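K.L.:
Take the sequences, apply the hints, and build the full model.
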Amino acid sequence: MQEPPSYDVKTIDRRLFDFMLHTPKWFFTTSAGLLTVFGAGFVVFISMLYFGLQFLGYSHPVYWGFLIVNFVFWIGISHAGVFVSAVLRLTQAEFRRPVTRAAEVVTIFSLQAAVLFPLIHSGRPWRTAYWAFPYDFIRGMWPNPRSPLVWDPSAIFTYLISTILFVYVALLPDLALARDRAEDPVRRWVFTVLALGFRGTSRQWRIQAIAGILLSAIILPIFVSVHSIVSWDFAVTSVPGWHNTVFAPYFVIGAVHSGVSAVVTAMIVMKWAFKLDGYITADHIDALARVLIAVATGWLFLLFLDFSFGLYGEESAEVDTWMQRIYGGAWPVLAPIFIITSYIIPVPLWLIKSVRRSFGWMFVTTILVNIGMWLERYMLVIPALERKSSLTFTYSEYIPSISEGILVLASFAFVIVGVLAFCKVLPVMPAADIREGALLSTELKIGRRSVPATLRE
Amino acid sequence: MASPEPAALAIKLRPSWKPKGLQVSNSNVVFAGLGLLAALGLVMLILRIVSSGDDRASWAYPTAFFMWTLSTFATAPLVAYVTRLTRGYWGYPIRRLAALWSIPALFSYLILLPSLATLPSLDGRASLWFGFRFGVPGFADALTIGFMFVTGAALMWLTSIPDLASGDVRLKSPITRSLLMNWRGTTKQWLLIRSASKYLGAFYVMLLAIGTTQVTTDMGQSLIPGWRSGIFPLYHIVTGFQAGVAVIIVTTYLLQKFSPNIRPFIGQEQAVNLGRLLLAFTLLDFYFFWADYVLIWYAGLPSEIAAMQVLIADVYRIPFIAGAFGIFVIPFFAIIFNPVRRRLWALALISTIIIIGNFFDRVRLFVPAMSNEKVFGHGPLSPLPGVVWPNVSDILFIVGWAALMAFVYLAVARRIPAISGWEMREGAMLRQETHFERGHIMLLAKPE
Amino acid sequence: MSSIKSATDESAARAATVAGGATISEEERRAGFGHRWGMSVDIDLCTGCQACVVACQTENNVAINEEQRVTEKRAKSWIRIERYWEGEFPNAKARYLPVLCQHCDNAPCEPVCPAWATYHNEEGLNVQVYNRCIGTRFCANGCPYSVRHFNFWNPEWPDSLENMLNPDVTVRTKGIIEKCTFCVQRINRARRDAAQSDTVVKDGDISPACVQACPTNSLVFGDLKDPFSKVSEAANSDRAYHLLEERGTGPAVVYLKKVDPNATSSSEEHHG
Amino acid sequence: MTSFGRRRFLAGVAGALGSGLVVGCAAPERESRVQSFVLSPEQSLPGQSIWFATADAHSQGGNSVVIRTVDGRAKKVEGNPAFPINLGKTSARSQAGVPSLYHPDRIATPLKRTGARGSGEFKQIGWDEALDLLVDRFGNSSNPTLITGRVGGTLSRVTEWFASLTGSRHLVHDTLEDSTLRAAMHNAFGTSELPHLDIAHSSYILSFGADFLGTWLSPINYSTQYTKFRSNTSDNGGHRGTLTQIEPHMSLTGSNADNWVHINPGREGEVALSIAHTIVHDNLIDPSISGPVLNQIGGKSALDAYDPKKISSTSGVSEKTIKEIAKDFASHQPGLAIAGGPALAHTNGEAIGTAVLLLNRIIGSAGSEGGVKPNSPATEGTPRPLQANTFADWVNFATEMNSGSDSALLIYDADPAYGATGAAGMKTALESASFIAAMGPFMNDTYATADLVLPATHPFEQWGDFAPDPANGQIVVGLQQPVVTSLLDSRSFGDLLITLGSELKGKDAFPWKSMHEAVKTTALSTYKGGAEAKDATWVELLRQGGMWENTTPSSFGDSSWQISSLHEPSFAGTAENYNFHLIPFETIGYGSGDEGQNPFLQATPDALTTMTWTTWVEINPESASKLGVRRGDIVDIETPSGSFEAQVYVAPTVAPDTIAVPIGQGHRFGSRWNKGRGSDVLAFVHPFTDTAGSVAWAATRARIQATGRSAQIPAFELMENPRNDESDPPVRVTSEQH
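Keeping their order, the protein sequence lines are chains S, H, W and A.
Each residue of the first sequence is one higher than the one before, counting from 1 in our numbering.
Each residue of the second sequence is one higher than the one before, counting from 1 in our numbering.
Each residue of the third sequence is one higher than the one before, counting from 1 in our numbering.
Each residue of the fourth sequence is one higher than the one before, counting from 1 in our numbering.
Since the hints were derived computationally from the structure, they do not count as laboratory data.
The structure presented is a predicted model; accordingly, all values stated were derived computationally and were not measured.
The beta carbon of each residue, even a glycine, is placed where N, CA and C say it ideally should be.
Check the hints yourself; a few may be wrong.
[Unchecked claim] Derived DSBU-like pairs: lysine-lysine, alpha-carbon spacing no greater than 30 Å straight-line:
#1 H/K188 / S/K445
#2 H/K198 / S/K445
#3 A/K320 / A/K310
#4 S/K275 / H/K446
#5 H/K446 / S/K445
#6 H/K18 / S/K353
#7 H/K188 / S/K353
#8 H/K20 / H/K198
#9 W/K230 / A/K228
#10 H/K18 / S/K445
#11 A/K675 / A/K112
#12 H/K198 / S/K353
[Said to hold, decoys possible] Some but not every residue of chain S turned toward chain A, in silico, with C-beta under 7 Å:
#13 T30
#14 Q54
#15 S308
#16 L311
#17 T392
#18 F393
#19 T394
#20 Y395
P.N.:
Here's what the structure looks like:
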């Protein structure tokens with residue numbers, strides 16, 4: 001049962017801006033720890049600039065590894081934000097309200113983490129910047145538009161920019177609120193600038209609302225295109241195990257699966273960290289869990305399609321790739337873990353209502369999902385390179401190195417630190433949105449029962 | 001067209017109101033005409049079974065027709081369940097008339113069985129069944145699809161029991177009465193129906209996905225060496241969703257136009273929301289087609305390119321282009337305009353185009369497959385087979401069966417009310433239209 | 001061997017025109033157009049003696065494959081002799097297969113490079129432009145023959161060993177992809193000499209290091225567009241086939257089947 | 001054919017002339033300065049590549065190469081297309097010549113021992129001091145001994161001359177010497193020369209362990225002939241020749257054979273004779289042909305002991321196989337039968353060789369086209385490389401020295417402390433020598449024990465000439481000229497001997513001032529015609545890399561051998577304690593070890609295993625699983641004379657009761673690339689000698705223990721033993737040549 005709006009405007013603001021205005025101790029310790037991890041990753045990166053990529057586990061002919069896996073993983077996570085906020089906004093789902101901002105913030109930082117990896121892993125990063133941003137007009141040296149690696153940055157940066165816009169538009173009223181609540185002048189000044197003079201006139205409200213709707217409508221195609229293009233990095237080639245037409249929707253739905261799970265995790269952590277009981281309630285994660293059940297099942301169907309139509313051709317290398325994905329290297333262990341954690345454990349549990357509504361359970365299951373989905377990316381990307389053609393002479397094994405592991409951890413640290421910092425300087429809970437929700441939620445008398453209801457114009 | 005005044009709604013749902021079957025003026029003429037054509041269709045089917053035993057090519061167009069029914073009429077009911085699962089407030093009036101399509105869909109089973117019988121052996125060609133050889137493909141496919149049809153019908157029946165039991169519906173035969181499972185409307189029975197309909201609906205979705213994957217592979221992909229596309233079943237399903245919505249729109253439009261006791265319940269909100277769905281699916285269609293096409297073009301594996309030349313580029317170019325225009329080009333550039341989405345008749349027009357386009361698409365997909373001789377091996381298909389145009393009997397077959405579908409639908413809709421009474425009442429309960437300052441707002445209750 | 005026929009019907013057409021009297025104009029040859037460099041590998045003559053491997057290394061400044069490089073599977077060899085087994089002891093048969101860049105007409109490595117560091121030149125060579133390469137290694141992943149090698153280090157030739165470096169060939173720095181070039185430096189030298197001596201490049205004037213070293217003449221280099229060249233002759237042989245035909249890459253390297261009077265039917269003649 | 005036309009050779013002429021002068025007078029340090037156009041070495045045309053023809057010192061058999069030089073630096077080795085032996089072709093070893101020329105670990109200056117003998121501690125000294133030391137300690141020694149590698153041509157004459165001048169004994173060392181084969185040739189054909197194999201015109205080759213395409217005698221020449229042998233257009237009867245290889249361990253040649261037949265080690269003779277038995281008893285050959293030979297070697301009845309039925313049990317070759325081989329061999333004329341490698345490295349090796357070679361006479365192809373022919377004679381000005389002393393000689397020498405005869409040694413291009421001779425006492429013998437001077441381009445186990453180490457020029461830096469052995473039926477003389485001036489303070493051995501000789505015995509001890517003069521006069525005296533315009537002739541000879549002319553082939557003598565003298569092979573170690581035959585083999589890369597310092601040859605994959613850089617042991621999958629060892633495991637191989645370590649490579653190249661280990665690693669001293677790498681298997685074979693006196697290096701048994709250690713294996717194949725996939729084979733095979 002969704003509890004009736006028991007709080008007035010003042011309490012909303014006080015509790016939502018609490019973390020912004022006063023800092024608890026754990027904030028410093030956590031961020032210090034995370035920053036050291038990130039620093040370690042940075043050191044590895046610098047040393048790679050100087051010594052070449054010899055520290056990575058790459059070999060001939062397996063030239064992509066953990067870094068690309070992680071790139072795909074973060075792109076996947078980044079899909080949560082837009083999916084949750086845009087789709088739910090369009091479908092006017094009420095439970096979205098406290099969720100959206102968190103989701104979008106996760107998107108922004110995971111996207112940045114993602115774009116780092118293609119840069120880091122390339123042989124000459126200092127030159128790689130140039131195909132992401134073609135600037136060389138004099139010599140007429142342009143990137144090759146046929147390469148998916150040129151589609152990637154275009155799609156990703158479009159996505160990043162539009163997401164930031166999206167967040168900013170939704171953020172305006174809260175910035176205005178923060179401006180009015182902030183004590184110290186610096187902060188006030190900053191918020192004044194950022195709020196763009198949002199005073200809450202009905203015209204401003206209308207524009208803000210329309211902009212939100214429009215942006216979410218526009219952003220949806222981008223959201224689909226980004227991960228499709230990422231999937232095409234692999235699928236356009238004729239490499240068996242990569243070249244499967246189902247890849248695009250498969251990656252997209254997998255991304256939503258992992259992304260929404262990540263958002264649930266993030267929400268639960270925020271609730272615990274920022275004491276947001278009453279804002280993030282069982283209803284919210286319950287609703288998200290229902291979405292997850294559908295998404296996960298769809299994802300499983302596409303996994304089945306990928307598998308069956310991969311083997312369908314009965315090309316020797318294709319079959320070998322799948323054998324490698326199941327029996328090769330560490331996969332006898334990893335493959336079961338992958339499927340169990342990403343589907344077999346979570347989904348049946350989510351079918352149970354009490355699990356869906358328990359924060360502890362959802363925390364654990366969503367974490368499991370993302371472990372599984374990380375492995376899924378590993379499974380999709382690497383074994384295909386270990387079994388590339390019927391020239392079995394070049395069949396190889398990929399063994400990741402420590403520095404790759406460090407870089408992966410560093411990316412996680414980066415995202416968490418980013419989200420924390422965001423929460424510190426900007427209102428992470430959409431106060432205005434929540435207030436609107438509070439206004440719109442009423443009750444409806446039906447016979448003897450009174451049912452919670454929402455207002456729609 | 002009627003706009004939903006809440007007051008009117010309240011009046012129409014006064015306690016004495018009871019749902020009724022179709023009341024179409026001079027319906028008998030329509031019935032007679034459709035009946036004749038339907039009979040023709042059946043005759044054509046029998047002739048085919050008798051004359052051409054296991055000549056696969058002669059079943060090419062029937063198969064295409066079946067795939068078309070699969071993606072239109074068999075998919076239409078899904079929308080009903082989707083709105084039920086997501087508790088979309090606008091879906092109440094159209095749930096039943098969508099669900100009714102599951103009965104005509106049943107009949108297309110008659111086409112599936114003989115054409116399945118003509119499939120060649122699985123040895124020496126790629127197939128989803130790999131090494132497995134027991135009762136595949138024919139039996140397995142027939143089973144899944146049949147199961148799906150039955151589930152659909154059962155679901156339709158289950159959700160219409162309360163209306164049927166509430167009397168005033170012409171149910172003479174004892175069988176139909178017995179199927180009512182002596183409905184008393186106890187709380188237990190209500191809960192049963194609600195949950196059952198929810199889960200059966202989900203189950204139906206899964207069966208549709210799996211069944212489509214099976215038949216599209218066994219009667220499509222696996223018959224053209226080198227055609228290997230994991231996304232194809234999905235493409236088929238999604239175009240099916242689009243066509244399903246289109247079917248519902250057309251049905252809704254026709255019924256509210258010709259049946260006075262339906263008209264009041266259909267309003268703009270149905271049009272707008274169905275229009276949105278249609279737009280979404282139209283976009284998705286293109287996405288899935290492109291995801292399929294661009295990869296094969298880019299990788300340029302000879303075998304796949306050869307298959308694409310058959311399906312898209314060379315051999316079946318005309319059906320392909322017709323299908324592309326009908327499914328994507330025309331609908332998309334029409335529906336993106338709000339005025340179109342607000343007018344039911346415009347939507348109905350577009351939907352008709354979509355349904356026809358979908359048929360052309362099915363033709364270019366399954367006729368080459370069913371009429372292809374060299375089905376064995378993995379290598380590229382060469383030389384490319386020629387295009388197979390429909391002959392007179394094919395055309396008669398298609399016309400007849402299309403008529404049969406309509407005939408059956410109308411026949412059923414006469415008995416079973418096309419507006420679900422109990423759900424309309426529920427909808428009216430959970431919803432209140434009140435005036436608030438200027439303009440009126442809507443109160444939606446979400447019971448848990 | 002339909003694909004082979006299609007690969008060389010161009011030269012067949014050329015042969016017709018030659019019969020008709022018309023042939024490639026001298027200017028055309030001078031300008032270097034009208035060539036399609038190709039190689040034929042007679043697997044029946046390859047004894048696996050590795051002369052081509054070392055010849056290629058010394059000609060093209062391929063760095064020393066230290067033991068560590070080999071053990072971590074990062075050894076570079078632009079041409080390698082793959083060895084495949086058939087049967088079990090004592091009837092085990094070793095099959096040798098020299099694999100080098102196939103300079104495909106429809107190369108999977110070319111479209112995927114974001115920096116256009118690899119492209120097809122007008123003589124059908126698959127060219128790697130080292131100073132455009134940024135090392136995404138996408139091409140190496142796309143290549144079904146796995147003939148592209150990545151420089152994980154800056155290559156080293158200890159002190160006086162540097163004297164052996166071939167001045168005609170770039171030394172590849174770290175972070176870029178390198179691969180067989182059909183010894184493009186020799187092709188250009190031959191064309192320049194031909195231009196100086198006011199003649200045209202004749203069949204056999206050019207031979208990459210591997211071809212020149214090959215003691216059994218298993219490797220033959222030439223112009224596929226020249227209907228009378230040795231390599232065209234080989235391409236039209238009944239034993240000719242392309243590696244990984246099903247990928248449709250259209251390689252410029254033609255393989256001639258191994259002849260084995262008592263071949264186990266496993267690998268024999270089932271592709272037709 | 002090849003990519004340099006006549007113009008380059010003319011350029012080469014100028015260079016050749018110039019380099020002659022430069023070698024005479026150019027001071028090395030001038031090279032180290034930045035070159036200006038004015039002061040550049042004469043033979044260098046800046047930016048232009050110049051090609052010089054010279055000897056290929058690295059490949060086997062005596063080939064000639066042309067070397068591309070740019071700005072006074074050698075860049076690339078190509079075959080000399082004019083030279084009749086290798087016809088412009090090269091091997092992996094020839095191709096790696098330039099790296100060894102510019103090897104960073106070449107001995108740069110004379111070195112004087114500072115530490116204890118064998119410690120390998122030296123200090124650099126000048127040539128004058130070195131020469132004084134040499135004159136003092138060697139020249140005035142009571143019994144000086146000269147130890148060289150298989151020097152040939154003018155250099156061998158200079159060496160012999162010097163030996164006689166100083167009254168010193170001359171020992172010739174070769175890690176794997178061929179005296180067994182020569183002895184067998186003598187038994188079968190009455191000549192101790194190596195055979196000339198007319199593979200090109202043969203239609204059937206029956207090879208007992210002779211790896212003639214890889215490492216045996218003159219591989220490049222044989223490979224060029226192999227092309228004709230395999231082609232159906234050549235004159236070998238218009239059809240593709242058939243190659244049958246009978247050996248215990250699959251060699252590179254064996255892997256190219258049409259029929260590879262496994263045989264138990266040491267049984268080759270019996271099988272050869274049983275083939276003869278079949279041929280004779282089934283009358284596959286006209287008796288008038290086989291008759292005379294049989295009478296020479298003991299008559300038809302002597303063959304009765306070698307009925308295939310009996311032989312198949314001991315040899316492991318089935319009766320059916322023997323009969324088939326006999327039939328094919330007799331019916332495909334002309335054919336040739338040869339024996340080499342492990343087949344001859346047995347206690348009955350000489351007999352085996354003889355039995356096999358006699359097959360040629362039995363089918364009557366000996367001496368005729370397409371068969372085994374007698375080697376063409378060499379000019380007396382340029383003799384063939386000296387025949388190496390047998391293992392027995394070395395054992396005697398070692399015992400003599402160990403018994404305390406203080407001898408002064410001058411060693412050139414030899415490493416007796418390594419391999420079998422080293423284990424058989426030379427290692428300790430060197431310890432007890434009064435004085436050791438060693439000369440060579442690289443440090444090795446022997447030189448490490450020397451008191452004085454002298455830097456020798458690389459073959460590309462010195463004058464010389466050579467006579468290919470075996471030749472191709474022609475009289476061939478190859479010329480060797482410096483293609484670059486040495487960057488190091490090194491001298492050629494010949495020049496050193498001449499200098500030393502004139503130091504000891506006065507100015508006119510030698511008729512020539514330098515090797516350059518010696519070679520030039522020899523060549524010009526050998527060369528008929530063009531006596532006028534000597535310099536032009538000389539340049540012409542240098543340009544084409546030598547001189548050659550056809551000769552009327554001599555014929556074989558009678559056979560002096562009795563079938564009865566083929567006795568059972570004996571093996572070190574009993575089958576119970578030592579359950580594996582140990583078959584050492586030579587690799588195409590660093591060969592018998594003398595090329596091990598070359599990183600490019602260390603990294604050259606072995607054809608069958610694609611292994612590099614290390615010492616591995618090839619084990620049959622069956623016995624590997626029995627031993628419980630896997631690819632990459634490091635095992636301890638124990639023979640009656642010690643144990644060594646090797647890395648396991650599981651392959652179907654050997655029988656379950658056999659293991660094969662490559663020779664050539666395990667140098668204690670050398671360059672950074674071969675020092676302390678792998679193990680020297682020859683040091684662990686039992687010092688059996690066969691009747692010809694050479695070591696029976698394949699007659700040792702061994703057993704294996706796993707050490708429990710394992711390591712990533714340095715193989716080029718990324719996957720273990722990839723197979724030629726059935727459904728979609730990379731290597732397609734056709735049964736008939738169209």
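K.L.:
Does each hint fit the structure? Answer for all of them.
P.N.:
Here is how each hint holds up against the structure:
no., hint, result
1, H/K188 / S/K445, "23 Å, holds"
2, H/K198 / S/K445, "25 Å, holds"
3, A/K320 / A/K310, "12 Å, holds"
4, S/K275 / H/K446, "27 Å, holds"
5, H/K446 / S/K445, "12 Å, holds"
6, H/K18 / S/K353, "36 Å, violated"
7, H/K188 / S/K353, "20 Å, holds"
8, H/K20 / H/K198, "25 Å, holds"
9, W/K230 / A/K228, "16 Å, holds"
10, H/K18 / S/K445, "24 Å, holds"
11, A/K675 / A/K112, "21 Å, holds"
12, H/K198 / S/K353, "16 Å, holds"
13, T30, "41 Å, violated"
14, Q54, "16 Å, violated"
15, S308, "19 Å, violated"
16, L311, "14 Å, violated"
17, T392, "4 Å, holds"
18, F393, "5 Å, holds"
19, T394, "5 Å, holds"
20, Y395, "4 Å, holds"
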